[in-house]
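In mature numbering (1 follows the signal peptide of the UniProt record, and there is no 0), the protein residues as written are -22 to -1, 1 to 289.
It is worth saying that the hints were derived from the structure and are not from the lab.
Ideal Cβ placement from N, Cα and C applies to all residues, glycine included.
Heads up, none of these hints are tricks.
Using 20 Å as the maximum straight-line C-alpha spacing, the simulated EDC-like pairs for lysine to aspartate or glutamate come out as follows: (1) K105 / E130; (2) K109 / E130; (3) K105 / D117; (4) K105 / D89.
Simulated DEER-style distance windows between Cβ atoms: (5) E130 / T247: 30 to 38 Å; (6) T245 / G121: 34 to 42 Å; (7) N289 / S194: 17 to 25 Å; (8) N119 / S74: 24 to 32 Å.
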Amino acid sequence: MYSLNGLVAATLLLSNGLGGLASPLVPRQKVGPVGTLHPISSSEKCIDVRGAAFENGTAVQIFDCNGSDAQNWMIQRGVAGHIEVEGTGFCLDAGSSPANGVGMKIWQCFDNLPAQQWTYNSDNQIKLADKDFCLDLTDGNSGNSNQLQIWECSTGNRNQVWLEGPPGNGESTPPPPPPPTSRALHSNVDGSKCMDVEGAVFANGTPVQIFDCNGSNAQQWTLTDGNTKVQVAGTNFCLDATSANPANGAGMKIWECFDGLAAQSWTYTDSHHLQLQSSAKCIDMTNGDTTNGNQLQVFDCFDGNNNQIWN
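Take the sequences, apply the hints, and build the full model.
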């Protein structure tokens, strides 16, 4: 833990392993937009300061989103910096000895403190700037009061994916625009086959497969030409590629929809490819096999490849 008696600066430096610094720690200037932070597993849960107690050492936990000041964070994407509880001068802090399982807390913000330097990257991970540890939903448990931790960063680990939301200011959110008209997506290899949610199970992780077209809800998708989400009509589940840059052969599935999530951001091209916006990967009929139940995949996009054309 840190000592902040203020009169003995060396105590602070030594307690954080920073005794070799040439200059003292200085309070941080607040920068960055304000918003809430949600785990990908639930848009109804927020990163929260336990009990709204803005003081050194208070645990940072998961909790129902409630619009309180304890859930408003200042964060800037893509650059190393602090994640500050808006208006408080307290920052997300990983402690002086980061390791798997270390519980998250807040601490007074200081500009050159490594435990408070984070990067919010393109995979929506919140990573310590100088170490390979990421903010992690402990045991994947989104129950109220579960203290967050750090854990070794791992691409595709859903416990480490955090999405931005609007600040909790008590204002109502305007209703979203009506969704586009739903449609089936037919394979260009065999027009009698459709993109299908396996077993019509609308749940996180359900595979997306090829199947005989049957007009069921499991084969109705909403999307637009150009940049789009590909959403199962009438549900809050979207076509999901797991990460911003998945490997060839990564199996397709559905997952709860989140705006701006790279793994769910597609382009429906003029040639009827469904291409991931963040990489040159397209939805692909695995091995060109139209057998019912064959799980679809992503693969490098190729013009004229019938396995990648969806009408």
